Amino acid sequence: TRRKMAAVLRKFLRSSFFLFSAFITINALYFHVSETESKCFIEEVPEETLIVGKYKIQLFDPNANQWLESSPGIGIHVQIKDPQKKVILSRHYAAEGRFTVTSHMPGEHTICIGTNTTRWYGGNRLRVHLQLNVGEHAVDYARVADKEKLTELQLRIKQLLNQVDQISKEQAYQRVREERFRSTSESTNARVLWWSLGQTLILLIIGVWQMRHLKNFFEAKKIV
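Here the sequence shown is numbered in this note's numbering, starting from 188 and rising by one per residue.
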């Protein structure tokens, strides 16, 4: 019976894992940068969420007309700002590696990647391969399983719990966004209402002034 229950539990966890994996979003891309240039990306992140960026830099060789796989001595500068434009990470990195940071407030985080100096590559272009993993997707479960000596079943359970926790954070962030949108809508509606009342008041004042002006005009004509 225990084996049957374990098999059913594994099947349930496997199906739940695939179901939650449908919500996984991993941003992988590459872009080119030149001297003193930086590229910025905006990532919407819930509160207390891990952001992991894996990157690799390639140098273009105009003589061979190809991108070099390894570029010793070349590095980049990574700067990350929270929704209040406060710098939460600013550091220089080597040609290949990863950077990590944890968000302390929900909202749009700005990730900027650029070169440190203009002397590294003599004006040639750089290609930066970047992969951003957010939240539960940023966890290296192979390393976790090896470090904590977890079985396959325990690892599945841990993944499922982390995914549920990430979904809860996403829902909380969506509620924050809804509250902000509602507040903005109410403020906009109030401004539109006051603007309409102001326009109506101005039209009434102009109408009264025109009527008095015309009345005075006709009275002056009769006197003349």
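Watch out, some of these pointers could steer you wrong.
[Unchecked claim] Straight-line Cα separation of at most 25 angstroms, DMTMM-like style, residue types lysine to aspartate or glutamate; simulated pairs: (1) K273 with E339; (2) K273 with E295; (3) K272 with D333; (4) K241 with D269; (5) K268 with D248; (6) K268 with E365; (7) K356 with D248; (8) K334 with D269; (9) K243 with E256; (10) K243 with E283; (11) K241 with D333; (12) K241 with E231; (13) K268 with E283; (14) K268 with E357; (15) K345 with E283.
Derived by calculation from the structure, the hints in this document are not laboratory data. Computed from a prediction, not measured in an experiment: that's the story for all the values here.
These are the hints, each one checked on the structure:
Our distance criterion of 25 angstroms between C-alpha atoms is broken by K273 and E339, whose separation comes to about 41 angstroms. Of the pairs offered as hints, the one joining K273 and E295 holds, with about 12 angstroms between alpha carbons and a cut-off of 25 angstroms not exceeded. Between K272 and D333 the CA atoms are separated by roughly 38 angstroms; this puts the pair beyond 25 angstroms, and the hint is violated. With a C-alpha separation of about 19 angstroms, the suggested pairing of K241 with D269 holds against the 25 angstroms cut-off.
Using a Cα cut-off of 25 angstroms, the hinted pair K268 and D248 is violated, with the two alpha carbons roughly 33 angstroms apart. Restraint check for K268 and E365: the C-alpha separation of about 23 angstroms stays at or below 25 angstroms, so the hint holds. Restraint check for K356 and D248: the C-alpha separation of about 45 angstroms exceeds 25 angstroms, so the hint is violated. Proximity of K334 to D269 is assessed by CA-CA distance (about 31 angstroms); at most 25 angstroms being required, the pair is judged violated.
Under the criterion of a C-alpha separation no larger than 25 angstroms, the hint pairing K243 with E256 is consistent with the structure, at around 9 angstroms. Only pairs whose Cα atoms come within 25 angstroms are accepted, and K243 paired with E283 is accepted, the gap being roughly 4 angstroms. The hinted pair formed by K241 and D333 meets the criterion: a straight-line CA distance of about 21 angstroms does not exceed 25 angstroms. For the suggested pair K241 and E231, the alpha carbons sit about 18 angstroms apart, so the restraint of at most 25 angstroms is met.
For the proposed pair K268 and E283, the alpha carbon gap of about 22 angstroms is at most 25 angstroms, so the pair holds. Distance hint between K268 and E357 is fulfilled; the C-alpha atoms sit about 20 angstroms from each other, no more than 25 angstroms. For the suggested pair K345 and E283, the alpha carbons sit about 30 angstroms apart, so the restraint of at most 25 angstroms is broken.
Of the numbered hints stated above, those contradicted by the structure are hints 1, 3, 5, 7, 8 and 15, listed in ascending order.
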